[in-house]
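Under the numbering used here, the sequence shown has 406 at position 406, and the numbering climbs by one with no breaks.
I should point out that these hints are in silico values taken from the structure, not numbers from a laboratory.
This structure is a prediction, so every number in the text was calculated from the model and none was measured.
Every residue gets a Cβ at the ideal spot worked out from N, C-alpha and C, and that includes glycine.
Incorrect hints may appear among the rest.
[To be verified] Pair ranges (Cβ atoms, derived):
(1) Ala28 x Lys152: 37 to 45 Å
(2) Ala460 x Pro30: 49 to 57 Å
(3) Val183 x Gln45: 56 to 64 Å
(4) Ala449 x Pro30: 55 to 63 Å
[As the list claims (entries may be wrong)] Derived DSS-like pairs (lysine-lysine); straight-line CA-CA distance at most 30 Å:
(5) Lys321 x Lys146
(6) Lys471 x Lys146
(7) Lys152 x Lys471
(8) Lys152 x Lys44
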Amino acid sequence: AQEADVKAHVRSLLPACMVPEHVVTLEALPRLGNGKVDIRALSKQAVAVATENVNTLDSLGMMRKMGREDQRSAEAMAGVKAVATVSVILYHWYWSRFMVAWDPANIKGIWAAEGPDWYRAVVMGQVNSNWSMYAFVVISALSDRKQRMDRKAELRSDLFIFLLFLGCHYPLPQLWTLFFTDVLGNQGSLAEFQNHRWYLSFYLVCRVLHFYAFAPLSAWLGRCQSQVVRAAIPAVLVGVTLFCYVDPDIAASKAPNVCPETLPRDGAIFGAMEFLLPGTSPHRAPTKCPLYFSVLTRRLFFAYTASWWYGQGAVDAVLSKVSGPGWPWLLGFLGFTTGLGYLDDTKAYTQPGPGGVMGRDAVDAVACALLCMGMYLCRDAAWPRGSGLVYAGQASLGSYLFHAFASVDLVMPTEVLKGVYYASFRGRPVLPELFEVLIPVNEAMGPLAKLVVLLAYPYAFMLLVGPACQKALLAVFSWAEAHVVAAVGPGGVKGAQ
Numbered sequence: 001a002q003e004a005d006v007k008a009h010v011r012s013l014l015p016a017c018m019v020p021e022h023v024v025t026l027e028a029l030p031r032l033g034n035g036k037v038d039i040r041a042l043s044k045q046a047v048a049v050a051t052e053n054v055n056t057l058d059s060l061g062m063m064r065k066m067g068r069e070d071q072r073s074a075e076a077m078a079g080v081k082a083v084a085t086v087s088v089i090l091y092h093w094y095w096s097r098f099m100v101a102w103d104p105a106n107i108k109g110i111w112a113a114e115g116p117d118w119y120r121a122v123v124m125g126q127v128n129s130n131w132s133m134y135a136f137v138v139i140s141a142l143s144d145r146k147q148r149m150d151r152k153a154e155l156r157s158d159l160f161i162f163l164l165f166l167g168c169h170y171p172l173p174q175l176w177t178l179f180f181t182d183v184l185g186n187q188g189s190l191a192e193f194q195n196h197r198w199y200l201s202f203y204l205v206c207r208v209l210h211f212y213a214f215a216p217l218s219a220w221l222g223r224c225q226s227q228v229v230r231a232a233i234p235a236v237l238v239g240v241t242l243f244c245y246v247d248p249d250i251a252a253s254k255a256p257n258v259c260p261e262t263l264p265r266d267g268a269i270f271g272a273m274e275f276l277l278p279g280t281s282p283h284r285a286p287t288k289c290p291l292y293f294s295v296l297t298r299r300l301f302f303a304y305t306a307s308w309w310y311g312q313g314a315v316d317a318v319l320s321k322v323s324g325p326g327w328p329w330l331l332g333f334l335g336f337t338t339g340l341g342y343l344d345d346t347k348a349y350t351q352p353g354p355g356g357v358m359g360r361d362a363v364d365a366v367a368c369a370l371l372c373m374g375m376y377l378c379r380d381a382a383w384p385r386g387s388g389l390v391y392a393g394q395a396s397l398g399s400y401l402f403h404a405f406a407s408v409d410l411v412m413p414t415e416v417l418k419g420v421y422y423a424s425f426r427g428r429p430v431l432p433e434l435f436e437v438l439i440p441v442n443e444a445m446g447p448l449a450k451l452v453v454l455l456a457y458p459y460a461f462m463l464l465v466g467p468a469c470q471k472a473l474l475a476v477f478s479w480a481e482a483h484v485v486a487a488v489g490p491g492g493v494k495g496a497q
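Start from the sequences, fold in the hints, and give me the full structure.
Written as structure tokens, this is what we have:
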């Protein structure tokens, strides 16, 4: 808390670029024989702390050298992403089963048979809200703002995501379909990958904002002498995104049409837009580009902008006033989401909740904040690493891609949602499907054991399958990168001649 106190105090007086990255506490200042402070010894200690780097995995699973404080923050962020990924997988593997036909009365009748009130409230709170999506966006903004890697390493990470984004269009779906049908002998095909390309598109757009708008502007504000300007510009940026979020005209789809119908529907322009920005084709959205004008997108842009400019300051301010273990915050997160799930279960199946969309977003933001603060306060504890939570979060990209592409988007002849049917051989699951396990567990040991199994399924998947998928993707990327560098570098050019 002492380090956070100093950072919070300095942040209130100086621009972000002048806030020290490291704060070192000394029992006494080194002194010379005449009693004066030994500046050289003091500088050596500062340099040693600032340059003390450790190898750790970043948010994409790439090995990076980070300072110890950055490593602790990165591991806390990984823990948040792990919990959020469990929520996403549960939503797709479990809760989506009840939404095949969206009829509130039908859903309520089916869902009531799943277990007692407390069980339904816990599960509903984990799967049927947007707090997990906000968690990914907030952590992405904090990671972007806090990054200390060189520009080359950052561009390499973004190139990996961009190539992955292209691969989700072609050839990953085709290769998986070939493997699932011809090699494993199953019947089935893959559904449209539009939604998952959309998420990667949003990530890349945020990275462009970070590199070419927010980061240069932050550097300029650091050199600006006017405190009014330094305070006003971030507030204006956040205010603009907030206006786009709450403005009724935009919410009513009265924003300017950026995808005019006057252009030929089968032309190259719309073909490129549909490929790069999924959902922008007139065949899917005749009047608007969803990447910019959907309600969800406007919420997320506001969350990213606000978190980028004010998120780290808020974290430091809270850490300067709060000390102790993080488990009370995590229990608060569980209790808060359970209460939210109870309201969903008993009050609303089609409505966003009390206060409309903004009211629901506010309570989701509270849940996200409780989770983030709990993991930040646990960043020095041993259990996040010992339980595999950090490792699972570092491989969350691979877990999300594999579970989505190889199970959620998998269309079986007789099943709408597949769970682990991606692990099938000649039409028979090699691993037991989630519901087939939950039924006997519930009958034999009750709903508590059922809940444990329900949470263990996606977590085991994240520890085993997700990292393997992510490492395979990174290996292919590194192999291709090495060959391209060899081909275009001096040795490659000379060899070609």
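Outcome of the hint check:
1. A hinted range of 37 to 45 Å holds for the C-beta pair Ala28 and Lys152, which are about 41 Å apart.
2. Between Ala460 and Pro30 the CB atoms are about 52 Å apart, so this pair conforms to the stated range of 49 to 57 Å.
3. The beta-carbon spacing between Val183 and Gln45, approximately 59 Å, falls within the hinted interval of 56 to 64 Å.
4. Between Ala449 and Pro30, the C-beta spacing of about 59 Å keeps the proposed range 55 to 63 Å intact.
5. A distance of roughly 21 Å separates the Cα atoms of Lys321 and Lys146; the hinted pair therefore holds under the 30 Å criterion.
6. Restraint check for Lys471 and Lys146: the C-alpha separation of about 24 Å stays at or below 30 Å, so the hint holds.
7. A distance of roughly 21 Å separates the Cα atoms of Lys152 and Lys471; the hinted pair therefore holds under the 30 Å criterion.
8. With a CA separation close to 28 Å, the supplied pair Lys152 and Lys44 stays within the 30 Å bound.
Going down the numbered hints, you'll see the structure goes against none, and every one checks out.
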